[in-house]
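Novice: Sequence:
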Amino acid sequence: MQLCVRRFSLYPLCAAWAGQSKLVLLRATVGLQPWSTRTLFSETGVWEKEYRPETRRRVERWWHQRIKAQWQKDAQVEGSNRKKFYVLSMFPYPSGRLHMGHVRVYTISDTIGHFQRMRGCQVLNPMGWDAFGLPAENAAIERSLDPEEWTKSNIQAMREQLDSLGLCFNWDRELTTCLPDYYRWTQWLFVKLFEAGLAYQKEAVVNWDPVDQTVLADEQVDENGCSWRSGALVEQKLLTQWFIKTTNFAKPLLDALQDLPEWYGIKGMQANWIGECTGCYFEFRLKETGETLAAYSSSPETVFGGAFLAILPSHRLLHGSSSVRSALQKGFQRGRDSQTEVTAHNVFTGQDLPLVISHKETFDGYLDAVLGVPDSSEEDLSVAQALNLSWTTVLKSNSDGTQTLVNSAEFSGLSRQEAFKSITQKARELKVGGHLTSSRLRDWLISRQRYWGTPIPVVHCGSCGPVAVSEEDLPVILPKLQSLTGKGASPLEAAHDWATCTCPRCKGPARRETDTMDTFVDSAWYYLRYTDPHNSNRPFERHLADHWLPVDVYIGGKEHAVMHLYYARFLCHFCQDQGLVAHREPFWKLLVQGLIKGQTFKLAESGQYLRREEVDFTDKEPVAQCGGRVEVTWEKMSKSKHNGLDPQEVVQQYGLDTVRLYILYSAPPEQDILWNVKTDALPGVLRWQSRVWQLVTKLREARQLRGFPNPSLLKAKELAEVKKIWESKNYTIQEVTAHFTEDFLFNAAISRLMGLTNTLSVSMVLQHSVEFEEAVAALVMMAAPMAPHLASELWAGLCHVTNPLSPILKQGRDVLQQTWPTVDPEYLKVPDFVELSVRINNKSCGAVTVPLQVSKDCDQVQKLVLESSIGQKLLRDRNIKRVILSPRTALINFLIDE
Numbered sequence: 090m091q092l093c094v095r096r097f098s099l100y101p102l103c104a105a106w107a108g109q110s111k112l113v114l115l116r117a118t119v120g121l122q123p124w125s126t127r128t129l130f131s132e133t134g135v136w137e138k139e140y141r142p143e144t145r146r147r148v149e150r151w152w153h154q155r156i157k158a159q160w161q162k163d164a165q166v167e168g169s170n171r172k173k174f175y176v177l178s179m180f181p182y183p184s185g186r187l188h189m190g191h192v193r194v195y196t197i198s199d200t201i202g203h204f205q206r207m208r209g210c211q212v213l214n215p216m217g218w219d220a221f222g223l224p225a226e227n228a229a230i231e232r233s234l235d236p237e238e239w240t241k242s243n244i245q246a247m248r249e250q251l252d253s254l255g256l257c258f259n260w261d262r263e264l265t266t267c268l269p270d271y272y273r274w275t276q277w278l279f280v281k282l283f284e285a286g287l288a289y290q291k292e293a294v295v296n297w298d299p300v301d302q303t304v305l306a307d308e309q310v311d312e313n314g315c316s317w318r319s320g321a322l323v324e325q326k327l328l329t330q331w332f333i334k335t336t337n338f339a340k341p342l343l344d345a346l347q348d349l350p351e352w353y354g355i356k357g358m359q360a361n362w363i364g365e366c367t368g369c370y371f372e373f374r375l376k377e378t379g380e381t382l383a384a385y386s387s388s389p390e391t392v393f394g395g396a397f398l399a400i401l402p403s404h405r406l407l408h409g410s411s412s413v414r415s416a417l418q419k420g421f422q423r424g425r426d427s428q429t430e431v432t433a434h435n436v437f438t439g440q441d442l443p444l445v446i447s448h449k450e451t452f453d454g455y456l457d458a459v460l461g462v463p464d465s466s467e468e469d470l471s472v473a474q475a476l477n478l479s480w481t482t483v484l485k486s487n488s489d490g491t492q493t494l495v496n497s498a499e500f501s502g503l504s505r506q507e508a509f510k511s512i513t514q515k516a517r518e519l520k521v522g523g524h525l526t527s528s529r530l531r532d533w534l535i536s537r538q539r540y541w542g543t544p545i546p547v548v549h550c551g552s553c554g555p556v557a558v559s560e561e562d563l564p565v566i567l568p569k570l571q572s573l574t575g576k577g578a579s580p581l582e583a584a585h586d587w588a589t590c591t592c593p594r595c596k597g598p599a600r601r602e603t604d605t606m607d608t609f610v611d612s613a614w615y616y617l618r619y620t621d622p623h624n625s626n627r628p629f630e631r632h633l634a635d636h637w638l639p640v641d642v643y644i645g646g647k648e649h650a651v652m653h654l655y656y657a658r659f660l661c662h663f664c665q666d667q668g669l670v671a672h673r674e675p676f677w678k679l680l681v682q683g684l685i686k687g688q689t690f691k692l693a694e695s696g697q698y699l700r701r702e703e704v705d706f707t708d709k710e711p712v713a714q715c716g717g718r719v720e721v722t723w724e725k726m727s728k729s730k731h732n733g734l735d736p737q738e739v740v741q742q743y744g745l746d747t748v749r750l751y752i753l754y755s756a757p758p759e760q761d762i763l764w765n766v767k768t769d770a771l772p773g774v775l776r777w778q779s780r781v782w783q784l785v786t787k788l789r790e791a792r793q794l795r796g797f798p799n800p801s802l803l804k805a806k807e808l809a810e811v812k813k814i815w816e817s818k819n820y821t822i823q824e825v826t827a828h829f830t831e832d833f834l835f836n837a838a839i840s841r842l843m844g845l846t847n848t849l850s851v852s853m854v855l856q857h858s859v860e861f862e863e864a865v866a867a868l869v870m871m872a873a874p875m876a877p878h879l880a881s882e883l884w885a886g887l888c889h890v891t892n893p894l895s896p897i898l899k900q901g902r903d904v905l906q907q908t909w910p911t912v913d914p915e916y917l918k919v920p921d922f923v924e925l926s927v928r929i930n931n932k933s934c935g936a937v938t939v940p941l942q943v944s945k946d947c948d949q950v951q952k953l954v955l956e957s958s959i960g961q962k963l964l965r966d967r968n969i970k971r972v973i974l975s976p977r978t979a980l981i982n983f984l985i986d987e
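Here the sequence shown is numbered in my numbering, starting from 90 and rising by one per residue.
Worth double-checking, as some hints may not be accurate.
Computed cross-link-like contacts, DSSO-like style, restricted to lysine-lysine with a CA-CA straight-line distance of at most 27 angstroms [what the hints assert, rightly or not]:
| no. | residue 1 | residue 2 |
| --- | --- | --- |
| 1 | K962 | K932 |
| 2 | K281 | K291 |
| 3 | K725 | K340 |
Calculated directly from the structure, the hints in this document are not laboratory data.
Working from the sequences, and respecting the hints, build out all of it.
Specialist: What follows is the structure, encoded as structure tokens:
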């Protein structure tokens, strides 16, 4: 036993001596075979020839903490004079366990972060926790726990899991939305919205989740009318709720999409959600009660010709506690339009318009109140005539087919287009609406009747009405409760001592708002807080937000394409209007992440999910061992479907870098990954890691055994091979850099690196060629963001090659501190023409020369090939089924009928 202790304790001495022969002598002295125990170069100074599983494990153990420590060290010294790069992955809900989807999104952000830092950027890659919400509250109820304790323990567990994956985040900027130092500023932003007239309370028919006992925004109800979270069939209730007037920003939000790069179809989804902003709401004051009624107008320029306001039978004024309910219901007849005695004041004309209860069940989109203008609508004309209503003609038709306004005060004489702009502008000045929006968009319902959320900073006073809590009294701290049941009224209503307070305005008795905010409010601005997370005086300093924004790459799931992105964009637009930030749009590029799906087995008749071991694969078609036909599909991983994977178990089996490479190589980020380790992806990346290791091994052995390298000894054939290596290296740098910066096709980047590896693996010029040395160095550097542990060890081996030719290998810093390789200037002096290999049904048939500027245009290249001698001889009158122009190499392939 003593001998073993001494044996391992002597390894550091060997590293100090840095002599391979001395290690052999030492091992022989203690009675061991020279290479019976595997070593690690970074520890011992001895290079392991083969990249075995044990080598991989030791490499990752050694470099794991060193890489993270270096990231944090570099983050502390980075100056503002460096170009910034803000890479942000959507922060997770702290469920306590990571899933493979987390591993995918954070692997992508980590890879981009390392790449941009190697390019010399000041990189921000923060992490935090979307920590409020129903799941934590429901879990706490089930376990009789405090949701805060439950959440904090989950955060600790997930933080340790993220740490074990070797991910490099700026942990000094960590956010947790359920902590007062964060939600204080969520409340501060709410107060700003309230003061701007954009946060308001009204009685409305809302979506009620009977399982989670809370209201839902329209966006949280699926197409089947079920809750997005609980799956329960949503009910309709009339409740007084808090809303944020996002419709006021609909047109700016729609227009701003044009200035952003393509978002994998998400821009179209955002635009479709907002709708065409061709109309606006006008606010009318009811003469009988003084309350405000917002009615939509699809032709705002005709507001002076309004004859009535039409509301649906389901409108809130006909239900609940409305003081005009009885007046509206009197004389209401189903199946026909009914004029009521209630009137609303038109601020433009100074006249009162009658309220009409429409016989319709719905208007266009989600509208429940519209302005009726007979001049602009045949339907409105019919209603006005049927009810014998009077109106003013406001449109005059001209001989050229255009229309001009008449009887419209100072707007008379304007064209409809001119009046549209002028009248909506006037409405905004008068603060009676006028913000362009669509008929399908509704304001954001944010109040929730649950405990675990940000308290809404409002008190209700009998004299003053709803009053915002003053800024100096923020945060309104969420109180500790004795118990949670998840049933009945909002839990905060039971906190009498907390709810009882004084009015900030008149100092009279008041009660706090007992609804909390939806968690989407917390996540609508977290990207801003990351820029200044420890500020105790403001949510963030403008100069810091302006420095980091917009987020250069935002990474997350497609399920957030509508709700979260819309809310986050809205908040940033609002903050810009308030002078808090310079940027209107928070995110520049959006990288949508596909799902990682696992194979599922379920009984065809019942749909019951089975474990793999419960399925008999003996016959051609799988059957359940208990009997019954089995359907085999690929679905999102989950425990209930028995197709989930524990990321830590996967990493333990294959290694950190292998899992990273598999995730990046299996598919482009926006596509789903069907997790199947038997496919080419996993064996491919395993082979590639070993082959790169072999390249470094070959170079080290060549230099150790053959003496000092001398490039002048290369002969003509070898010089031609050197040129090929030089061209392949530069082409690879060019392509991989483009994939990292433009399309994020990491799978294509890895394929290109594999191609360079192939070129180097068959080379015979490694001894005397600086080009070979620099190509291997570039290969390892470009692999580093994706496989940082392996690349760090390979770089250590390269930097200690005997008699290196390239100054790159004499710098001494770790690979992730190296400067990203760039294309040699000589390579950029490309000819005006390029030679393309031509294949027919995958068989080489010669080459054609085409102009460089069209060499990436498949149609143009196809035309030139067909006109060439090869095309005339081999492709004339043939049925061409498909033409493939390689994006990576100078090659075109024609697939034809034999």
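Novice: Would you mind marking each hint as holding or not holding in the structure?
Specialist: Here is what the structure says about each hint:
1. K962 / K932: The given pair, whose Cα atoms are some 15 angstroms apart, holds under the 27 angstroms limit.
2. K281 / K291: Roughly 18 angstroms between the alpha carbons, so the hint for K281 and K291 holds.
3. K725 / K340: violated, 36 angstroms
Going through the hint list in order, the structure does not satisfy hint 3, though it satisfies all others.
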